[in-house]
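K.L.:
Chain residues, written in single-letter form:
2 protein chains.
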Amino acid sequence: MALNKLRRMGKTRSGRETLYHQVAHSIQRQIGQGALQVGDKVPSVRLLSRHHRVSVSTVLQAYFWLEHRGFIEARPRSGFYVRVPYDTLVPEPKYLERKTTPKPVETGSVIQEIIRMLDDPSLVPFGAACPAPELLATNKLNQVLRRAVNRYPAHSANYDFGPGSSLFQRQVARCSLAYGCNFSPEDVVATCGAIEALNLSLRAVAKPNDIIAIESPTYFGVLQAIESLGMRALEVPTFPKEGMCLDELEHAIRKHGVKAVVVMPNCHNPMGYVVSDEKKKAFVELTARHEIPVIEDDVYGDLAFDGRHPTLKSFDRNDLVLLCSSVSKVLGPGFRIGWVHAGRFRAEVERLKFITTIASPSLSQLVIGSFLESGGYERYLRSLRIAFSEQVQSVSKAIAKYFPEGTRITRPRGGYLLWVELPKNVDALRLFHDAIRENISILPGTIFSPSARFKNHIRISCGYPWSERLDRALLTLGRLCQQQAS
Amino acid sequence: MALNKLRRMGKTRSGRETLYHQVAHSIQRQIGQGALQVGDKVPSVRLLSRHHRVSVSTVLQAYFWLEHRGFIEARPRSGFYVRVPYDTLVPEPKYLERKTTPKPVETGSVIQEIIRMLDDPSLVPFGAACPAPELLATNKLNQVLRRAVNRYPAHSANYDFGPGSSLFQRQVARCSLAYGCNFSPEDVVATCGAIEALNLSLRAVAKPNDIIAIESPTYFGVLQAIESLGMRALEVPTFPKEGMCLDELEHAIRKHGVKAVVVMPNCHNPMGYVVSDEKKKAFVELTARHEIPVIEDDVYGDLAFDGRHPTLKSFDRNDLVLLCSSVSKVLGPGFRIGWVHAGRFRAEVERLKFITTIASPSLSQLVIGSFLESGGYERYLRSLRIAFSEQVQSVSKAIAKYFPEGTRITRPRGGYLLWVELPKNVDALRLFHDAIRENISILPGTIFSPSARFKNHIRISCGYPWSERLDRALLTLGRLCQQQAS
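Residue numbers (my numbering), protein chains in the order written: chain V, 1 to 486; chain S, 487 to 972.
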């Protein structure tokens, strides 16, 4: 199939598809149609490059992508072969249909204590959702930092309204085109990380005792925020591959009177799914019909393996979506810089921001603004996506190899988190403590739910490049699971 | 009087006194006792330097200090002369005895709107409490920043727990000796500015509807925090020179059941007083007797003109004082870095910090930690104190000259804020709007009280070096007051 045809097909699928992607899909299709079968050698890189009139590196990227998705495998000094589909080896976690009722969140200090235990840099880092420092754009960031400091020596002499602040707003607005939005710079409110954006958004749209609908499982930071603000959480059954069930959400809205919804439709933490465009649109229409504000957490949005997907916000015609994000997962959490586009709640969010932290760090805004302005962000993201996709794949394979039968793992479509369902009789909290004793950090599934669900689930962060150390750690984790399972 | 004698006297007064201070006090005493009278020339610098066996610059510093306090004045090419005491020309604001009852704070968006109007850099800057950028240690800060970034290139690759964080904690702990404390580094919780420290402290010690005792007037940020958390404020009558009235506080505690107290005993915003050591001790004993947590805001503490005074925290034997501070008023607000030593509430403050912003900006911690470590902070503070004392004095004189009869102004003992009581029939909010139209920013007194007090008060920030522009602006302000007063 020539590139022109591919290009035409590509258009009908999605304008976002990159070249390598289109090449990969052509092979995937041949596998699906049986033209290529398990054990078959796929066409050589050189051949395919000539055939599609694309570069060798594009074809290689396509093959790596197929390899990471489990369709093909490399055999040393021989080439790529169609393999037994990875999907058939380890199933995905089950969809939990069970409904819950709205309830105050009572995590107490459990999450805090668990998170504090991850702080130890000597642990194998499967716990905290941080990328390995060596993957980050450290040199480039420091280069723009030095230049910016020379240019604006008095960078931190004021609250916020400096050159860094407006540069940051402009760059975030510019980048919003990538996810289907077109922000005005002045609508971008800088925050101390996405977590501040989430907290301010919750406070802006709801009051103590109000019911907040959440995904199940959901990022524990959302649970802590709901708890600390005295609101009530309502878990909506969530598909491991498609996100929150819309029927269940509508049912919850009618039955309980939901005040707001918090969701992460792009590269969900912890499940890694990307909600389809159609479903995003339907979601926004549903919540708009009921005039319910939606807090959208997009911190992993730039890390979808197949490129940027639109946000809920891009379908929002009623200014009801509050889009929260940050650079923490992509450029470094230490900058503590995030933002929120709060739609019709902007004034209230700005007021609360002023009251709780007045302004956001000037240096961070200056560095990140300059970095985004300097170009090359998209290229940087591409290398990150490939790295994370590889790392997720390596960890998945090791889990498939070492963990007991009955284990299920997600197929993340972005980010670097894996959600693992263990056999029913494995207690994840016990596993967490056992693992810490073996110098391995993980997160127990219970902290992702306000109702003590996910007792046999864990979240594994794949932020670090694959190594023998990680392999050994997963072998150990598998052994600890076996001990409990048998 | 020889230095030895001065030194001995110094010891009985306060161990904190510096040499120049002691020289100044000896002259002050001679004026007080009538040995030097209005119009008399004070001894020459050279003479006094020989007499006290101190350097010429120490004596000069003493004379400048006396000049700023209004005891002496320089006559060109002639020397220093005793002048008509400044205190007798313009009186200080009156003590408001009137009691209030606990009530929810309802500032709505007024404060926010007023603050937003200060954002315009073309305004004469009497509004926001920011020092002039040219007074800050910009070069030194950027020097340590560049060095730190070279040394720790991956400075922002993690949440908080990096070299910057522990360095920052250590340096804050070391500096705490200056105000009578001796913190352990691990007890220092870094925050996004003192305002976050205040918010977290309030949330840690009180719940919605609880009564928080505050000074009257009080920093408007405290009012906004109390309002946004649904607590109630109780204004305790406050002396313009000595701080909160202890009898009234005890009365309020007995009558209303106070849950916590928020105070600023060192260089109060807006009144500029420094509470005496004896009263600080009595205050801590009183609140400890009733087991009431005290939130101490110390952001201007390093800027007392006569050197560092002890904090309430230094008298705290029951771990009931939560000391909040930041570098915003001294090194630059854009760093957004503060801290809290929360005593027995530390775990709760840490938990809330994690929930609302997770961590504090790494670069800011690294820069400030390195700056404090590099030495010279005390010397830098001395030059800042002299600058601010001069600026406050210049603005005070201009107000005395241009404002209508019946105007009263505070005698700040540190910081750079003036609290001005205008004649009864001047409406400060109207004055604020009139001033903005003349391109001058000030703050109306009403935003410093939850009960619409201080309608004829304004706060004037003296953060900028004296200039003709400031003089003209004060002339204009005086004219605007006259228009209302007559």
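Accuracy of the hints is not assured; some may be wrong.
[Claimed, not checked] Okay, derived cross-link-like pairs now, SDA-like style, lysine to any residue, Cα gap no bigger than 25 Å in a straight line:
hint, chain 1, residue 1, chain 2, residue 2
1, V, Lys207, V, Pro153
2, S, Lys589, V, Gly230
3, V, Lys255, V, Arg232
4, S, Lys693, V, Glu227
5, V, Lys255, V, Leu229
6, V, Lys140, S, Gly594
7, S, Lys910, S, Leu858
8, S, Lys941, V, Arg232
9, S, Lys883, S, Glu954
10, V, Lys397, V, Ala288
11, V, Lys207, S, Lys626
12, S, Lys693, V, Gly230
13, V, Lys99, V, Arg453
14, S, Lys693, V, Pro153
15, S, Lys626, V, Pro153
16, V, Lys140, S, Ala640
17, S, Lys589, V, Lys103
18, S, Lys693, V, His51
19, S, Lys626, V, Asn139
20, S, Lys693, V, Arg479
21, V, Lys207, S, Lys883
22, S, Lys693, V, Arg453
23, V, Lys241, V, Arg479
24, V, Lys103, S, Ser714
These aren't lab readings, by the way, just hints derived from the structure by calculation.
K.L.:
The structure should be examined with respect to each hint, and the outcome stated for every one.
P.N.:
Going through the hints against the structure:
1. The straight-line distance between the Cα atoms of V/Lys207 and V/Pro153 is roughly 42 Å, outside the 25 Å bound, and the hint therefore fails.
2. For a cut-off of 25 Å, the pair hint linking S/Lys589 to V/Gly230 stands: about 21 Å separates their Cα positions.
3. Distance restraint check for V/Lys255 and V/Arg232: the Cα-Cα separation of roughly 15 Å lies within the 25 Å cut-off, and the hinted pair is therefore satisfied.
4. Taken as a hint, the S/Lys693 and V/Glu227 pair is honoured in the structure, with Cα atoms around 13 Å apart against an allowance of 25 Å.
5. For the proposed pair V/Lys255 and V/Leu229, the alpha carbon gap of about 23 Å is at most 25 Å, so the pair holds.
6. In summary, the hint linking V/Lys140 to S/Gly594 is not supported, as the alpha carbons are separated by about 44 Å, beyond the 25 Å threshold.
7. With a C-alpha separation of about 46 Å, the suggested pairing of S/Lys910 with S/Leu858 is violated against the 25 Å cut-off.
8. Taking the CA atoms of S/Lys941 and V/Arg232, the gap is near 41 Å; set against the 25 Å cutoff, the hint is violated.
9. Of the pairs offered as hints, the one joining S/Lys883 and S/Glu954 holds, with about 13 Å between alpha carbons and a cut-off of 25 Å not exceeded.
10. Only pairs whose Cα atoms come within 25 Å are accepted, and V/Lys397 paired with V/Ala288 is rejected, the gap being roughly 42 Å.
11. At roughly 46 Å between alpha-carbon atoms, V/Lys207 and S/Lys626 are farther apart than 25 Å, so this suggested pair is violated.
12. Proposed proximity of S/Lys693 and V/Gly230 is supported: the alpha carbons are some 10 Å apart, at most 25 Å.
13. As the CA atoms of V/Lys99 and V/Arg453 are separated by approximately 11 Å, the hinted pair is consistent with the 25 Å bound.
14. As the CA atoms of S/Lys693 and V/Pro153 are separated by approximately 42 Å, the hinted pair breaks the 25 Å bound.
15. Distance check on the hinted pair: S/Lys626 and V/Pro153 sit about 10 Å apart at the alpha-carbon level, within 25 Å; holds.
16. Between V/Lys140 and S/Ala640 the CA atoms are separated by roughly 11 Å; this keeps the pair inside 25 Å, and the hint holds.
17. For the proposed pair S/Lys589 and V/Lys103, the alpha carbon gap of about 30 Å is over 25 Å, so the pair is violated.
18. For the hint pairing S/Lys693 with V/His51, the CA-to-CA distance comes to about 69 Å; that exceeds 25 Å, so the pair is violated.
19. For the proposed pair S/Lys626 and V/Asn139, the alpha carbon gap of about 23 Å is at most 25 Å, so the pair holds.
20. Simply put, S/Lys693 and V/Arg479 have alpha-carbon atoms about 47 Å apart, too far for the 25 Å limit, and the pair is violated.
21. Taken as a hint, the V/Lys207 and S/Lys883 pair is broken in the structure, with Cα atoms around 49 Å apart against an allowance of 25 Å.
22. Distance restraint check for S/Lys693 and V/Arg453: the Cα-Cα separation of roughly 29 Å exceeds the 25 Å cut-off, and the hinted pair is therefore not satisfied.
23. At most 25 Å may separate the alpha-carbon atoms for a hinted pair to count; V/Lys241 and V/Arg479 exceed this at roughly 28 Å.
24. Proposed proximity of V/Lys103 and S/Ser714 is supported: the alpha carbons are some 23 Å apart, at most 25 Å.
Of the hints listed earlier, those the structure fails to meet are numbers 1, 6, 7, 8, 10, 11, 14, 17, 18, 20, 21, 22, 23, in rising order.
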